[in-house]
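Chemist: Chains as they are written, first to last, in my numbering: chain W, 59 to 345; chain X, 12 to 126.
Think of the hints as simulated: they come from the structure by calculation, not from any bench. Cβ coordinates follow ideal geometry from the N, Cα and C atoms, glycine included. There's no promise every hint is true.
[Said to hold, decoys possible] Cβ-to-Cβ under 10 Å is the rule here; a few derived chain X residues that face chain W:
(1) 28
(2) 58
(3) 60
(4) 68
(5) 74
(6) 76
(7) 94
(8) 95
(9) 105
(10) 112
[Stated by the list, open to error] Label-pair distances were calculated between CB atoms; the ranges are:
(11) X:98 - W:193: 14 to 22 Å
(12) W:319 - X:58: 41 to 49 Å
(13) W:60 - X:35: 29 to 37 Å
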Amino acid sequence: MDAGFGSWLFVMSVGASALGGMLGMASGIFIVPILTLFGGVDLRTAIGASIVSVIACSCGSAASFLEGGLTNVRLAIVLETATTLGALTGVFFVGLAPVPFLYGLFAVVLLVSARQMLARRSDPAGISIADPPGNWADKLRLHASYPDHLLGRSVTYQVRQLPQGMFLMYGAGMISALLGIGSGVLKIPAMDTALRLPIKVSSATSNFMIGVTAAASAGAYFIRGDIVPSIAGPVALGSVLGSVVGARILMRVSNEKVRVLFVVVLIALAAQMLLSAFHIVLFGKAA
Amino acid sequence: MITDDKAVDDTHRMDLLLARQLRYGIWLASSVTALGMIVALFGRWIVPHGHTITLGTSIVGKGIALIILLPILRVVLMLIVFLRERNYLFGMISCIVLMTIGVSVIAGFYGPTIH
Numbered sequence: 059m060d061a062g063f064g065s066w067l068f069v070m071s072v073g074a075s076a077l078g079g080m081l082g083m084a085s086g087i088f089i090v091p092i093l094t095l096f097g098g099v100d101l102r103t104a105i106g107a108s109i110v111s112v113i114a115c116s117c118g119s120a121a122s123f124l125e126g127g128l129t130n131v132r133l134a135i136v137l138e139t140a141t142t143l144g145a146l147t148g149v150f151f152v153g154l155a156p157v158p159f160l161y162g163l164f165a166v167v168l169l170v171s172a173r174q175m176l177a178r179r180s181d182p183a184g185i186s187i188a189d190p191p192g193n194w195a196d197k198l199r200l201h202a203s204y205p206d207h208l209l210g211r212s213v214t215y216q217v218r219q220l221p222q223g224m225f226l227m228y229g230a231g232m233i234s235a236l237l238g239i240g241s242g243v244l245k246i247p248a249m250d251t252a253l254r255l256p257i258k259v260s261s262a263t264s265n266f267m268i269g270v271t272a273a274a275s276a277g278a279y280f281i282r283g284d285i286v287p288s289i290a291g292p293v294a295l296g297s298v299l300g301s302v303v304g305a306r307i308l309m310r311v312s313n314e315k316v317r318v319l320f321v322v323v324l325i326a327l328a329a330q331m332l333l334s335a336f337h338i339v340l341f342g343k344a345a
Numbered sequence: 012m013i014t015d016d017k018a019v020d021d022t023h024r025m026d027l028l029l030a031r032q033l034r035y036g037i038w039l040a041s042s043v044t045a046l047g048m049i050v051a052l053f054g055r056w057i058v059p060h061g062h063t064i065t066l067g068t069s070i071v072g073k074g075i076a077l078i079i080l081l082p083i084l085r086v087v088l089m090l091i092v093f094l095r096e097r098n099y100l101f102g103m104i105s106c107i108v109l110m111t112i113g114v115s116v117i118a119g120f121y122g123p124t125i126h
């Protein structure tokens, strides 16, 4: 383990994770680009390191959400059947997918994240859809309530359109395994447009599921030897520390400034990842 | 209403159990990882001619394995709680999730790779 590089990985991860935590984003989306573009780390090794840090960060925040009673644990385990199946598919395809394709896919995910950051999320729970009675969510008794501290009472909510939600979650699991990210990009539309959960519940529940989804692919990469301890160790530890720091800064810095900064950073990284994809195609330097 | 309250209570008890497992688990796994990094980086100051770098890196590997195991253990814990509540449907759903993770790990071992 090289002391200088190890320290750089650690400090970089603290920074990325703290920045991500300020907007409630997972740090994984920054770790892979930073490792490959600035650290000279091979893409698959970067994905392996990132997926471990994704699990580590989700464990800490999932615990806080659970204590707050915001997580719908029953819904989570049902959706996890879809996300882990997606991860399994991703594990199978990551060995076959050419590196330039992964770079390109990553650039697309970064751009979609930038777009989501610009668009304001409105609370989808209020819009009513006529779901037929006796649907899956009814049968599994997934409807629940959460304590709202602003209102000072518990708010009940319904879970809608479970099959569509499961389908989107399958995609989220696959992207998570392929790119080593938490894949909130696909989980947010699944939670908002299909299941129509209150925002607090959807953040908590998706955070809870990220760990299990990532563990399905991380276990495979670990067994395969794609996770390099001297890189994944400092990154995971730095990310955990950064997520604790980020949650504290959140209250002090204006949300709007951070948002604009993030959009700029996301677009810049997307451009650079896209260039990397074509660079490798043009010069045949596949890692 | 009594049954409803009991159901809510049971759910929140499981929430707290899982929260505790994840919180203490991540502390333990992070500590092991940090210990490994310390041994790898500073071990040679104490044992100048030992294999401290190899030892440290292998401890970091153990810490990473612990991190990956945490969410899997969380599903095992949920399975146990569901079975004790005689909620066999959700017990089965937990089993499906565990089996999918198992298949994924096996697929990682035997699946196609380009290196």
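Chemist: Please flag the earlier hints that this structure goes against, numbers listed from lowest up.
Modeler: 2, 3, 7, 8
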